[in-house]
Amino acid sequence: MHSPELLKGTLQTIVLKVLQDHGKMYGYEITQRVKELSDNRIFLTEGALYPTLHKLEGDGLLKTETVNIGRRVRKYYSLTASGKSLAKERVNDFVDFIRTMAAVLQLRMA
Amino acid sequence: MSVLNDQHIAHIIKDLNHRGIVADEVREELIDHVCSAVEEEMAGGSRFLDAYHKVLRSFGHNTGLRETQKEILKVENKTTTLMLKNYLTIALRNLNKHRFFTFINVSGLSIGIASCLIIMLYVLNEFSYDKHYKNALRIYRVNGEIKFGGNHWKLAVGPAPLASTILNEFPEVDNVVRFRSQGSYLVRAEGGATSIKEYNVNRTDSTFFKVFSVPVIEGDEKSALSEPNSVAISRSIAKKYYPEGNAFGKTLILDNQTAVKITAIYEDMPSTGHFKFDLLVSMTGFEEAESTNFLSNNFNTYILMKEGTDANALEKKLPALVVKYIGPQAAAVLGGEFSMDKFRESGNILEYTLMPMTDIHLHSDRTAELAPNSDITYVYLFLAIAGFILFIACINFMNLSTARSANRAKEVGVRKVMGSLRSHLVRQFLTESFLLSVFSFVLAVGIAYALLPLFNTLSQKSLILPLAEPLFYGGLILAALLVGVLAGLYPSFFLSAFKPVNVLKGNVALGMKSGRIRSTLVVFQFVISILLVIGTFTVDRQLNYIQNKKIGFEKDQVIVIKDAYALSENLQAFKSEVLRNSFIESGTISGYLPVSGTWRNDNTFWPEGTQPTEENMVGLQNWTVDYDYLKTLGMKIKAGRFFSEEFPSDSTAIVINEAAVKQFNLEPDPLGKKISTFSGTNPDGSPDVNSIVSLTVVGVVEDFHFESLKQHISPLAFFLKASNGSVAFRFKANDTQDVIAAIEKTWTRLAPGQPFQYSFLDEDFGRMYSAEQRLGKVFVIFAGLAIVIACLGLFALTSFTAEQRTKEIGIRKVLGASVGSIVILLSKEFGKLIIIAFLIAIPLAWYGVSWWLDNYVYKVEVGVLVYVLAGLVSFLIAWATMGYQSIKAAMSNPVNSLRSE
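Residue numbers (the numbering used here), protein chains in the order written: chain A, 1 to 110; chain B, 1001 to 1901.
There's no promise every hint is true.
Unchecked claim - The list that follows gives simulated cross-link-like pairs (lysine-lysine, DSS-like), each with its CA atoms no further than 30 Å apart:
(1) K1674/B / K35/A
(2) K1154/B / K1631/B
(3) K1054/B / K1097/B
(4) K1014/B / K63/A
(5) K1054/B / K75/A
Claimed, not checked - A few chain B residues facing chain A, derived, Cβ under 8 Å:
(6) I1009
(7) H1011
(8) E1029
(9) H1033
(10) C1035
(11) E1067
(12) E1071
(13) A1497
Calculated directly from the structure, the hints in this document are not laboratory data.
The beta-carbon is built from N, C-alpha and C at its ideal position, and this holds for glycine as well.
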């Protein structure tokens, strides 16, 4: 498990990238997907995920659609056009950041 | 993957709700999330309840769940549109719920704003005068000031040769133009049968179009007025006399004798100019215009400065010009010992100054203005009134909002407990005040639109709402925001500052006692109202005083027939024929009448036998009249006699007024004394020193007012000589229509084709004070509005107080209080405030009133009565407002107010 401190700044990037790769997803699905991709090392808590989703939606980067499944309502998130371009940008930024950090911390990446 | 059945889902929904997940924005999403997680667990083989509790644990139970909800809500609340919508909904519901409060606020505010709007239009219009000329900022008028002996003139005119002299002497002057007013003209088209009287006629130099950028439609603006007897006319005049549109090059006949050729047609001058001429007659070939005499001032002189030059510097050079050119001429008239330096040393003044043209409309009130001007004081007064009214309306809003705090304190408490921050509440309350403000503005524009025609008649303007102007809407929106903030800021901070613990326990000190600020505001409102009431009373009393003062002549029952010169040789016949009517008592032919706007002629005299010097010369009004003048107009002889046919020598006799007796030091026995003047002029127009004539005083007439009561009565002398300006008839109390009809019949026979113009002397007299009358009316209206708005506020305040004290009143009544004592109890607080307001208003009003009355030489005594009356009126109105609410509260059955406890 990674420290939540480390995750904090990357949360939006993770959400955007996962949505970019998988199209529309609902909240629980995103947590599961991230868990799977990170080999159970990253758990997105609900308290962090949903505020992030709402914020991205408010900023116009995500759009939502709701589907009724029996007695419950499922809310799917997907990227808007500006969300898509931001997703790319964020990932590139992050790669840059890793490189810089590697240089700063004198690491040799495998 | 196993799927939860409905029962399970119902359980989850109920349980989560129980644990505090209630917000619409998160509920469904979290339910779905929990369900999904539970399904996943159950797929691993767990039973439903175990799976559910495991999922809950991963959330962090109740605290975790609620934390998640709060985080999401926080994000949501930052998304402004949503919150704004929320504020709006709640504001609308609130305003709708308290309709009475909303109504009072909106009506007060919108009346206030509408008044402001109209006044702003008026003020902007006043400030826009003369700005439309291209060179407006480079045009200056030459003003004159002359003071010697007992005379003091401030003139809007200068000597004829001054313009050309300034142009020649000073290279920084680009051009000059002069006007010479000669009153109205009778005008007809060549070949036309009837003359029409035109008032806006003036003579001007050919440089007119170079100085003033009046667009010329037909004709060459460079040469238009350079020929003698040429005339430039406005578009509407061209259409009036030549409706077929072929006026250019045609001829007009002025006063039945002079033919002038139309050499230019120009666009009508806008009404926002200090002059508006319909006909401009060429000055070329006009003898007086070419005079070199510096001692008579008859020409309104305007100069156009070159770009980048300094008018102040030019003004400083003018005294030297006076010495160089006027000095020698004055010395020639006054004797060899005269010198300009000596003249100035003994406190006399002869100077010319420059006034920016754009200042004339609001800052100039001199002798011989081209047209009466407005006054900056009235503009300021109007602005102050507008500000006051708006302020009163804003105060209403603040007071009502804070007074209502009682009803809203609980709401604030609950909101705070639920986690509302103070900034949220401030925003909530500001939204409400914005809504009210915007709504009031919309209504105000409607009110202003409806009332503008009324105001236009009152103020004699043609103002319109600039509805096509984007700037207007921008300004309105900005003003709406400003008023919203002004009115909403204090209440919103006041209300949002409540401590939830206190409010919810019911501990907030409420009602009138808490509001020191509120009391101050009420006092302020009533100070303003009382001031306006006293102002209204004062203006009204002064006007009455003027109208009814003993003015020294009988202004009633006199009809004045104007332009008598149109009768030419039939003048005497006209008079005697009209006199044959039994209802005509007497008649007199003279252009000089004791109301402004009729003829005036000023000459200098000195006591016979002395050298004329600047000390003993007196400016004297010379009125040429006939034998019947005194009888017709009703002045009183104080000593001696008036002119009479029994004395053939009366052609060299004069009758003077008391002011002249004093100026000439003719006491104790003025009769038989003589005064002298120059009777002839040199070819250049200056007085001929060898032509002294002396006249004998045969009578003294009691002082009578012949100008506005703003001025002193100046020295005046009657001469027996024909003067064909007008004919005045005194008639018996009778049907005035018959009188007019009879006179007109005679007129049309003796002066065919000439316009019959008449007026009544008392109306002419009243017209001298039309500015004051307008001021009076405007004062009444706006003072009334201010009081209405203030009372609206007071009405609402009392009703709220009464509402809050229902229980108290109920208990008092049960314990035996009478209706009267309760009414007194309720009115006492406000009564105190109004008395305080009265005490504050009195010194302010006293100061303002004496300042305004200082304009008048003859003024009414504003007694204590006016102040007492004003105080009483506002107290009564306020009390009547409160009384209704108080009595209603006092009369109510205590059972109703107490049974719910």
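A quick look at each hint next to the structure:
no. : hint              : in the structure
1   : K1674/B / K35/A   : violated, 125 Å
2   : K1154/B / K1631/B : violated, 34 Å
3   : K1054/B / K1097/B : violated, 48 Å
4   : K1014/B / K63/A   : holds, 29 Å
5   : K1054/B / K75/A   : holds, 23 Å
6   : I1009             : holds, 5 Å
7   : H1011             : violated, 11 Å
8   : E1029             : holds, 5 Å
9   : H1033             : holds, 5 Å
10  : C1035             : holds, 6 Å
11  : E1067             : holds, 5 Å
12  : E1071             : holds, 4 Å
13  : A1497             : violated, 30 Å
Violated hints, in rising order: 1, 2, 3, 7 and 13; the structure is consistent with all others.
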